[in-house]
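Could you put together the complete structure from these sequences and hints?
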Amino acid sequence: MKNIFLLVVGVLFCNVSFSQIIYEEFNSTRLDQSRRLKIQLPRNYDTNVDKKYPIVLVLDADYLFEPVAGNVDYFSYWEDMPESIVVGVMQGDSRYFDCAYDDQTFFPDDKGSRFFEFIGLELIPYIDKKYRTAKFIIGVGHDFTANFLNYYLFKDPPLLNGYINLSPDLAPMMEQRLVERIPQVQQKIFYYLATGTDDIKGLMESAEELNKNLSPLKSNSFSYYYDNFEGATHYSLGGRGIPNALEKIFSVYRPISKKEYSEVLLKLKTPVSQYLLDKYKVIEDLFGITNNIRVNDFIATATASEKLKQWESLREIATLAKKQYSETVLGDYYLGRYYEETGEPKKAMKIFQGAFDKQEVDFITIDILLDRADKIKRDFGY
1 MKNIFLLVVG VLFCNVSFSQ IIYEEFNSTR LDQSRRLKIQ LPRNYDTNVD
51 KKYPIVLVLD ADYLFEPVAG NVDYFSYWED MPESIVVGVM QGDSRYFDCA
101 YDDQTFFPDD KGSRFFEFIG LELIPYIDKK YRTAKFIIGV GHDFTANFLN
151 YYLFKDPPLL NGYINLSPDL APMMEQRLVE RIPQVQQKIF YYLATGTDDI
201 KGLMESAEEL NKNLSPLKSN SFSYYYDNFE GATHYSLGGR GIPNALEKIF
251 SVYRPISKKE YSEVLLKLKT PVSQYLLDKY KVIEDLFGIT NNIRVNDFIA
301 TATASEKLKQ WESLREIATL AKKQYSETVL GDYYLGRYYE ETGEPKKAMK
351 IFQGAFDKQE VDFITIDILL DRADKIKRDF GY
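To convert, note that position 130 of the sequence shown is 130 in the numbering used here; the numbers rise steadily by one, no gaps.
Calculated from the structure, these hints are not laboratory results. Check before you lean on any hint, since a few could be wrong.
[As the list claims (entries may be wrong)] Per label pair, the in silico range of CB-to-CB distance:
| hint | residue 1 | residue 2 | range |
| --- | --- | --- | --- |
| 1 | D110 | G231 | 16 to 22 Å |
| 2 | E327 | N228 | 45 to 51 Å |
| 3 | K259 | K377 | 38 to 44 Å |
| 4 | K259 | E205 | 32 to 38 Å |
| 5 | S221 | G354 | 46 to 52 Å |
| 6 | V179 | S326 | 49 to 55 Å |
| 7 | S257 | E208 | 29 to 35 Å |
| 8 | P157 | K323 | 30 to 36 Å |
| 9 | R132 | E205 | 32 to 38 Å |
| 10 | Y74 | D285 | 24 to 30 Å |
Beta carbons are placed, not taken as given, at the ideal position from N, Cα and C, and that holds for glycine.
Below you can see the structure in the form of structure tokens.
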């Protein structure tokens with residue numbers, strides 16, 4: 001009986017803590033038919049009522065949705081990318097009509113144009129209205145649908161901020177058009193291209209040629225990534241390309257790593273506190289989301305400030321930590337350290353003592369704070 005009870009509790013816990021998958025029928029006036037959608041909402045979407053989320057749009061959702069949704073959930077769980085709403089469009093054999101282009105202009109033909117408008121004028125506005133979305137959209141496509149995503153680059157401004165092209169089956173002139181168009185785009189664009197050594201030969205050669213043409217493009221608004229996976233086939237490359245694409249596109253979002261700490265923070269000639277503020281301003285500007293600074297990043301930048309003896313940076317970091325994590329010892333510890341190092345031990349002692357009833361964070365325990373306060377009291381006879 002006890003085991004049955006634990007099993008029931010476990011099932012209920014899983015239902016609460018894992019991402020929600022929603023299936024919907026969307027009636028499109030542009031397509032004059034309904035389309036089946038798969039939508040994955042982030043964990044705890046219903047409880048984080050003030051939080052907004054980027055969109056990951058998945059074409060060919062019949063087989064691409066699960067690998068994309070699984071990777072989004074995994075990366076966001078470890079804070080390597082922001083939690084996101086994954087929207088998949090089921091296409092089946094209609095993908096060939098959805099992504100069709102004119103034989104002369106090589107832009108979407110009548111059916112392709114209607115699908116183009118369905119995504120931009122119906123589906124995305126619907127998702128924006130129904131869910132709490134940030135103004136950042138990534139599209140994911142494979143061969144025909146990967147080529148189709150590129151047409152959104154020719155909108156002004158482009159509908160998508162990120163493009164994950166898995167073995168694209170490029171329309172004629174697409175390579176030349178992309179090279180001409182991308183430098184004209186003002187907004188920040190992330191572009192990922194993947195093929196494999198065992199991909200369909202013509203598609204692999206086309207991807208290699210496109211890579212050759214895109215690689216020289218230098219622009220602050222264009223971030224480009226390319227992979228040619230050894231031994232990957234036309235279908236297996238998706239399993240390797242999707243996580244690589246998400247990792248690269250969201251690299252700036254990740255917590256400060258040991259490498260970033262040692263190779264960047266400890267070599268700064270400018271205030272460490274400004275580096276921290278700039279990092280989160282970039283996240284806000286790029287992804288349209290405003291998050292509290294992570295505890296990990298507070299600790300990394302505060303520690304670097306101590307190492308570099310940037311005491312004013314330490315004070316600014318501590319003040320911000322006290323504001324964002326007022327219930328914890330985080331800000332009090334580093335503010336106390338600031339006063340210790342700037343010749344005001346009595347203030348430091350009072351701050352350490354005053355945090356005795358707050359929550360501990362990482363290595364910063366109540367015992368450490370009280371030990372520091374006691375040492376100041378002994379050394380200075382307070």
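Going through the hints against the structure:
Judged by the Cβ atoms, the range 16 to 22 Å given for D110 and G231 is violated: they are separated by roughly 40 Å. A beta carbon spacing of about 49 Å between E327 and N228 agrees with the range 45 to 51 Å that was offered as a hint. Remark: the range hint 38 to 44 Å for K259 to K377 is upheld by a beta-carbon distance near 40 Å. Distance hint for K259 and E205: a CB-CB separation of about 35 Å, consistent with the stated range 32 to 38 Å.
For the hinted restraint 46 to 52 Å between S221 and G354, the CB-CB distance of approximately 47 Å keeps it satisfied. In this structure the hint that V179 and S326 lie 49 to 55 Å apart at CB holds, the actual value being about 51 Å. Look at S257 against E208: about 31 Å separates their beta carbons, and that is inside 29 to 35 Å. For the pair P157 and K323, the supplied restraint of 30 to 36 Å holds, since their beta-carbon distance comes to about 35 Å.
At roughly 43 Å, the beta carbons of R132 and E205 sit outside the given window of 32 to 38 Å. The hinted range of 24 to 30 Å is satisfied by Y74 and D285, whose Cβ atoms lie roughly 25 Å apart.
Checked against the numbered hints above, the structure breaks hints 1, 9 and satisfies the rest.
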